[in-house]
Amino acid sequence: PAFGLFIFTIARDPLRIIILIAGAFFWLVSLLLSSLIWFIAVKASDPQDEPLQKGLLIFGVMFSVLLQEAFRFLYYKLLRKAIEGLVALSEDGCSPLSLQQMAYVAGVGFGLMSGAFSMINLLADALGPGIVGIHGDSQLYFLTSAFMTMVLIFLHTFWGILFFHGCEHQRWWEIMAVVIMHLAVSGSTFSNPLYVGSLVPSYLLMAAAAAWAYLLSGGSAQNLRRFLLCK
Amino acid sequence: MTELSAHLPQFQHGQLTENFPDNHLSNTNDNSERRRHGNSERRRNDNPEYETNGQPQNNIQHVVEQDEEEDEELTLKYGAKHVIMLFVPVTLCMVVVVATIKSVSFYTRKDGQLIYTPFTEETETVGQRALNSILNAAIMISVIIVMTILLVVLYKYRCYKVIHGWLIISSLLLLFFFSFIYLGEVFKTYNVAMDYITVALMIWNFGVVGMICIHWKGPLRLQQAYLIMISALMALVFIKYLPEWTAWLILAVISVYDLVAVLCPKGPLRMLVETAQERNETLFPALIYSSTMIWLVNMAEKDPEAQRKASKNPTYDKQALANQTRNQDAEADDGGFSQDWQQQRDNRIGPIESTPESRAAVQALPSNSQTSEDPEERGVKLGLGDFIFYSVLVGKASATASGDWNTTLACFVAILIGLCLTLLLLAIFKKALPALPISITFGLVFYFATDNLVQPFMDQLAFHQFYI
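For the record, the sequence lines run as chains X and P. In this text, residue positions in the first sequence follow this note's numbering: the first is 1, and each later residue adds one. In this text, residue positions in the second sequence follow this note's numbering: the first is 1001, and each later residue adds one.
No lab work stands behind these hints: they were computed from the structure. C-beta atoms are modelled at their ideal positions from N, C-alpha and C, and glycine is treated no differently. There may be inaccurate statements among the hints.
[As the list claims (entries may be wrong)] One side only, chain P facing chain X, incomplete, derived with CB under 7 Å:
| hint | residue |
| --- | --- |
| 1 | 1088 |
| 2 | 1248 |
| 3 | 1416 |
| 4 | 1417 |
| 5 | 1421 |
| 6 | 1453 |
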């Protein structure tokens, strides 16, 4: 689905593609830094200690979430400057790409990159022979991974919109809400392989974020009804 | 007037020319030569055109001066479009290389080394290996520098025939011999039975059409496709025959060399571009990938305006492609001249030469055609060498990384971002810039970082199914 989003909404406009790739790049850099921190922590600790390793991993995940949000903020700052430049250059005084569109594209960029990194090795292995969950792990590993990745990509997109909107209108509580939601989703995955604990809350949060972002972007229940009934 | 004209082309060239320097390393010399050939050829072909071009160019210069700001705005506005026009071929080339590496095992087997890298890397101690790879890289770089200087010298002294012949031979070698080997390996991988006659027919058709497209006229898309294929073939050859550490070292040193060669006043590539601009010639089509087509040959015929318009768009693309192919040809030529006992090495060498040349060619693309057309049609030219080295980086990442697809993806994004930044700098500075340094630096940083830092992290996350 995320790839479909890409094709239908982004591939037309070259500027959007650039913003998308730049968004993916920012996410990648945040991942790099967070894994650096984690790596240092692991090297500095005892590799035999299982709970400690797991704890370090959890710490790494939380730290990574915070870093991702920080980079989203940095990206927002960069896009603000870029919009000013574009407005100055354009002929009719308004930017070819509104901030909301940029927010959407940035969110998709983040989401695509995170989804790709989460899934691609999995997909490559899935091509080969093997049985899922042969050592007593869940048999739904691939399915749940796919769903989780999809929900995360969508969430990143919505968070992008919410985050930029919050930064734009100086509503700090919106930004905090995004950060807390992100932490909550990542935290819920800690309860894997008890999939109920992670997938269900994530989807609920995604629905909430989707509705919120939709309202922020100017939609309303009436628009939705009209769209669905094709008026 | 002339200066203005030169200025315009420079801008256009610059964007792409940047790329050339990268590939040049060995090819620069060749590329420059090729470019000269291309330019000189065009000149010969388009003498009437040049004169007429001069006029519109001057006029355009005026117009440009008056609307300079607007022009800049337009340029930057269409900058995004040009960036995408370059993204697509670079992405395609990388995709082809990665797909081949993943499926055909021939390119990841160690079957020996080129004569340019005589020191083996399978030594007992780490220190020995490092020393060997440094020596290998030094030899390769000096070969590239020598070739580049040779190309520039040939270009300066107008030995266009030599350059042209060189380019043709190397593109011949590349198109026929390398693709034959590639096709053979693909068939082996997929266990497809094929008789020699069919193969001969296919290779013959492929090669002849390629030669025509690259060196003469052809549809823009086809020319671009051929240039991409040639770059991919060259990159595959590099990936196969360069040992590990040598390859990374070469990538790093080449970006430094590119930077130096293009930006220093005495740099060979810069001299090549400037000479080409002075003479108002285009760079060799075989060495550069252009996003639009400039057919000076066409322009010489009947309707200059229409042809200019038509050619402008395709020339950019084609030129870039052409440049690339030329680069490759140049390399092949070198291969033939040297006493390589392995033809493949010759082939490789040929293409390498092409790249520097292509790059030069790209830069040198005359603005003639461009000035007469509306600014929207200006394209960007990228040297074939740049294509090749980007693909080498991504191909090596996919071949030898422990993080496999993650690393490949990270390098891919890094290279694209580097390309964006380079094009942005091009729009700001408006002169030929090296396209290799920024992208290769990003790519290398991301490769090593992802491979060593991110991979264990992601593995652990995937194992526990945590999501960040």
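Comparing the hints with the structure gives:
Nearest Cβ of chain X to the Cβ of residue 1088 of chain P: about 10 Å, over the 7 Å cut. The hint is violated. Among the interface hints, the one on residue 1248 of chain P is violated; its C-beta lies about 18 Å from the nearest C-beta in chain X, farther than the 7 Å criterion. Evaluation of the residue 1416 of chain P hint against chain X yields a held restraint, the C-beta minimum of about 5 Å falling below 7 Å. Hint status for residue 1417 of chain P relative to chain X: holds, with the closest Cβ pair at about 5 Å, below 7 Å.
Violation of the interface hint for residue 1421 of chain P is found here, the shortest Cβ-Cβ separation to chain X being roughly 10 Å, above the 7 Å cut-off. Evaluation of the residue 1453 of chain P hint against chain X yields a held restraint, the C-beta minimum of about 5 Å falling below 7 Å.
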